[in-house]
Amino acid sequence: MKGKTLAGLLALLSTPAMAQGYGGLGSDAPGFDMPKPGTPIVFPKDHGAHPRFRTEWWYLTANLHSADRTAYGMQWTLFRFGLEPPRESQEGWEDRNVWMAHAAVTSATENLVAETRSRGGVGTVGVEAQPFKAYIDDWSFEALDPGFDKARVVARGPGFSYSLELTRGGPFVLQGDAGFSQKADTGQASHYYSQPFFSVEGALSLHGQEVKVAGKAWMDREWSSQTMAPDQKGWDWFSLHLANGEALMLFRFRGARDYVSGNWISADGSTALLGADDISLTPLSQTAIGEHNLPTRWRVQVKSRGFDIEISPLNPRSWMGANFSYWEGPISFSGSQSGEGYLELTGY
Amino acid sequence: MNAPSVRSEAATVETLSAPLLRIVNLRKSYATPQGPLAVLRGVDLSLAAGETMALMGESGSGKSTLLHLVGALDDADAGEIILDGVSIARLPENARAALRREAIGVVFQQFNLIASLTVAENLAFQAQLAGRLDPQWQARLTHRLGLENLASRYPEQLSGGQQQRVAIGRALAVRPKLLLADEPTGNLDEATGDAVMDLTLDLVTETGCAFLMVTHSARLAARLSRRETLVAGALARS
Amino acid sequence: MRQTLFALAALLSHWRRHPANLAMLILGLAIATALWSGVQALNAQARKSYDSAAAVFTGGGAQNIVSARGGLFPQELFVRLRRAGVKVSPALEGAARVDAKNIRLIGVEPVTLPAASTLAPLRENREARNILTGEGRSFAAPQTLRELHIAEGARIATERGFALPPVYAIDSAPPGAVIVDIGIAQKALDQPERLSRLVVAPEQRLDSAKLTEIAGNSLRLVEPDEENDLSRLTDSFHLNLTAFGLLAFLVGFFIVNASFGLAFEQRLPMVRTLRALGVSMRALVGALFCELVVLTSLAGGLGVVGGYLIAAALLPDVAASLEGLYGAKLSGQLALDASWWLSGLAMAGAGALLAVASGLSKALRLPLLSAARPIAWREAHHRYLRRQGAFGALALLGAALAYSTVDGLAMGFAVIALALLSAALLLPVALAAMLQIGESLAERPLAHWFFADGRQEIAGLSLALTALLLALATNIGVGGMVEGFRETFSGWLDQRLIAEIYYEAATPADAREIEAWAKEQREVAAILPVWRAKTRISNWPVEIIGMAAHETYSAHFSLLEGGAEAWRALHEEDAVLVSEQLVRRLKIGVGAMLDIPATRDLWRAKVVGIFPDYGNPKGQLRLDHARLVAHFPDASGVHYSLRAAPGDVAPLMEKMQNCFGPKLARLVDNAAIKKISTDIFERTFTVTTALDTLTLVVAAVALFASLLTLSNLRLAHIAPVWAVGVTRRRLAGLELLRMLLFSVGVALIAIPLGLFMTWSLVAVVNVAAFGWRLPILVFPLQWAEVFVVALVTALFAATIPALRLARSAPADFLKVFANER
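Chains as they are written, first to last, in the numbering used here: chain A, 1 to 348; chain B, 1 to 238; chain C, 1 to 821.
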């Protein structure tokens, strides 16, 4: 589906003079709330939307395999952008939120993407906290029970569609410092939690052919009003499913000085924040897509855990459409451990 | 042909008494971009009733102009033309038209006839206008001019000679005092022209009107009783 | 090549000596071109405006979804479609009044608007942001802002008191429209959660089956190439304009023909000389062709400019007519579209070429030496008359054939065109017959000659006289129709506007309030709700109007069919009254059963009467008020009329105004309505009348030109008569008299021809174009007018040539005899 770029839509947020950072996420946000450390994250309430914050997303990625061991990646993302800080009783078309969603299926040879946009307030898009349901047009991600133990995710686009059932295998995990995830030395941060323990079963339909798949999924939830510092160009983000049910989340925000952080998640859901000097992220090779050069193979090390792996993408060309300016795709890794995960590269 | 000579004798006697037409010091000039061009520079002439005169001269000598003035077709600048006691040199148009209708007959070299009328209607036209149609005279003219079979034809269907004959018939149907002709045979071949001349002179004698003809054919001029020549707008004394 | 240039130079030198003739030639062609291209410009302008209005939603070949019955539909259907995965973008269109001017308010949703829409600039992030934050933004074309006298950044306030967001100029906005965010539009039009259409993203094709599956029967899919309603409704108006332009061009063409004829006639000697000098036929034709191209370009160019001026002058009236009749909004700025001025030049070229062809063929057949005989015109004249008669009879046959075989609007125009053609061809025959009678009756020589010689003029004048005939006949034809219409319409309006006061409340709640108040007023004799709904029958828009059971209607509302019985049935049974044009369109009659799509279902009703509905392009049904409320619950309940004694009207209206102020969206008395309606029609006919008058002027000029052409030829015919003793004054007077006689003859033929035209226009064309029929009224006074016009035209045309004849010097006549032709 043709449409404006993520960056372009994000630019909706910025005042013309001050589009700063990737997609304007580094601009000031007068009137919106800023994330504060110590704010408790409470479920199920915080599964829902936070309109007092400027940007928010519900992000689901999955590593899937069909019966014949073909690997696939799946993405389902719903973004919310607040154009103005909300006032009381802004109903219907007065709602000042603009929503955008991306869905994708990636195989070694193809990357099929779809985008849709909608305006909030009239019922075409929305998120309910309890029971959890996020929907836009005919795409949805909804819990099948009040406890959010099971969920279904559905989307469709040109050449593909999917309907997958997710089963939760562990608690929701707060990232950063109890959900306050800092992104720069100057203090920009978001509220951030994840659910890395979904197991998945369902079917993909690719060009009319149905493929039964199973695998693992990772959900990210973030909301903030100024995600980046003005000098930061973008980020690299890694989510890795480790052996024995553990998970690892790392990111690097690239700016005048890079800001690196990560979280080592144990199988029981407890977290250990990783410092910058503990993490080493080394791009190994580039893939050129159009004018962009993207590091698609990496060496990732977490010294304190003896973790040293090399990451390679399932499909180096997991570029989100011709005009989309971010890279998102399933990866596999090997080294001190092996497994799968997802990589996201923005700002290149 | 005795009658004509008797006639001409009588005519000569009458001339001595009072000329039908008297022209005194007639002048006429035309306006041109280069200034007025004098065509007639004082012409003196007289013509008696029944007399026939040929007016000759080079082209541009003014002979046609003189004819036009005599025929009340145009105004003179100075001088006198007296026709049967009436001064006609500078008449208002109504009077001129009346004169042309009733007292004068004109035959031009071409385009005499009214294209939309038949021969019979053409013949009667002038006489009817003047209110002097004489059916018997009309019939006689038609017969003399050999036009009986052509009565219902239109001028465009006639030959040149036939057309001139109709013209003459029309001119004479009104029994004019004066018959004027401007090169009447100029467009005809010699034989036709001579035939037309014969008829004309016969009828002129029969009606007893004066006849003034412009021509540059000496041969034709010889058939008339008088000859005058215009040179550069004035009569040459011969 | 050199020969051609030399010949061209010689030909062109002629114009230096006769600048008046050159002026006439150029003027004639220019006027003809101006009339044609002016009309084309008007038509093109209108089309562009309709297209621009439509392209907002159909740009890029996007399908649209609208209510199956016309009108608005619930927003919930939009949500349902989106939730089912159909990528649609919502829109709401409505009318609003700003300072007593109508504007079209268009609400769009910038986030989902397809990229191919003409409003795509609103999708741009900066613009979308401006629309959706702060005070928001509305948009209008710069010209609309000018018309409303609003500066950029100001907030337009509707009559209902709603302030639109600050307005900014955008070129792609359709004329007369203001674009706002959909939420704003819903508030401004007081249509919460209602939409008028959905635009389907062009990349996604939807089919009707899927639409029904998701949204049921209440929505209808409109393909992008379906002609929009507006285009269809206004088709007949534009066809009329075009027909007029064509007629005007034909008449102008006659001038060109006459002028070229004159030019050729005067240059015959020169052409002869050129040929005698050795200029080849090819070079001569080449030179003539070059001259034609130069003159045509010059005249055509002038004509196109003139056309622009005419169109610009008529545009306000045309725009007002279209708006009044169809609610169509025209951009008031005339755009310089290549299509119409190119077509203007093409027509000019074609016209000149045709006109020249006959002259050229004469020139080519010219013998090198001309014989000194009178032109053998009688024979040619007879042949000419025979030819005219034959073709004329053929055209008449064609007209009869067309009448019996072809159908509809095309037939109407075909019959008129062929009838006019046959009249034009037979005119010389008729005039010749007239002269024949005169000739046989006249005994006096001059009188006889007067008629006999007239024949000679017929061939030369026939074109100009035909132009006059056509102009006069059109004058009567159209004038008769207009007058008839004016009288009928006036009477009809009087009957319709029996109620003294008409008002429209701002909301249904306000309407209830006013109704309750009115019941208490002693001046109010009756309160008559006139609620309205919309539907579509056989894919044609139909208005539905409720009528209370009151003698206002049963006694005064005129019916074409159905009497007292109809009124009883209307209020006691499931019955409707149908408008004349709807009855014609559906091909039904009284007694037929009609299935009418109502709000929730189909309502079956019997047709019990037919009423005239002049000027309404849409269909109209009238039914009992209670039944309207029952079957069309979504009917707008804000229109009412009141009965009151004439003396009480003004004070009552003032009381209402004071009591209710803004709750009254509109309040008028019947005199005001009558004036508005009449104004609309006057405007429409102003256009046709203007064109008509111009045509008459063109005919007069054609006559004048022809007479000038003839004057040289005439000399050869007049000179012998003059020589024989008739004064020039007399002859000139006879020439003038002959012209007057001809014009009387033309007028005599024009009258029945014009009456025939009236009949065709009223009974055939109008019915086919608009669906309603006017009674044929005759206006003998008009005929007297026509005679006077004809005589005046002839006088105007013939006076100068006659004067010239009267004042010509004897030398001019004498030249004829002296071989100087």
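If you're looking for bench data, these hints aren't it; they were derived computationally from the structure. Check each hint, because a few of them may be wrong.
Listed next, with one range per pair, are the computed distances between beta-carbon atoms [claimed, not checked]:
| id | chain 1 | residue 1 | chain 2 | residue 2 | range |
| --- | --- | --- | --- | --- | --- |
| 1 | A | 91 | C | 346 | 56 to 64 Å |
| 2 | C | 383 | B | 223 | 39 to 47 Å |
| 3 | B | 148 | C | 19 | 24 to 32 Å |
| 4 | C | 509 | A | 203 | 52 to 60 Å |
| 5 | B | 92 | C | 737 | 21 to 29 Å |
If the Cβ cut is set under 8 Å, some of the chain B residues that face chain C in the computed set are [claimed, not checked]:
| id | residue |
| --- | --- |
| 6 | 68 |
| 7 | 98 |
| 8 | 129 |
| 9 | 154 |
| 10 | 201 |
| 11 | 203 |
Because the structure is a prediction, the values reported are computed rather than measured. Glycine included, every Cβ here is placed at the ideal spot set by N, Cα and C.
How the hints compare with the structure:
1. Range check, residue 91 of chain A to residue 346 of chain C: about 59 Å between beta-carbon atoms, so the 56 to 64 Å window is met.
2. The beta-carbon spacing between residue 383 of chain C and residue 223 of chain B, approximately 44 Å, falls within the hinted interval of 39 to 47 Å.
3. Take residue 148 of chain B and residue 19 of chain C: their Cβ atoms lie about 53 Å apart, and the range 24 to 32 Å is violated.
4. Restraint check, residue 509 of chain C to residue 203 of chain A: a C-beta distance of roughly 54 Å satisfies the suggested window 52 to 60 Å.
5. Between residue 92 of chain B and residue 737 of chain C the beta carbons are some 23 Å apart, a value that agrees with the proposed interval 21 to 29 Å.
6. Interface restraint check for residue 68 of chain B: the shortest CB-CB distance to chain C comes to about 6 Å, inside 8 Å, so the restraint holds.
7. Contact between residue 98 of chain B and chain C, as hinted, is supported at the beta carbon level, the nearest pair being about 7 Å apart and thus within 8 Å.
8. With a cut of 8 Å, the hint placing residue 129 of chain B at the interface with chain C holds, because the nearest CB-to-CB distance is about 5 Å.
9. The criterion of a C-beta within 8 Å of any C-beta in chain C is met by residue 154 of chain B, whose closest approach is roughly 6 Å, and the hint holds.
10. Here the hint on residue 201 of chain B is broken, as its CB sits about 22 Å from the closest CB of chain C, past 8 Å.
11. Because the beta carbon of residue 203 of chain B sits about 18 Å from the nearest beta carbon in chain C, more than 8 Å, this interface hint is broken.
Comparing the model with each earlier hint shows violations of hints 3, 10 and 11; every other hint is respected.
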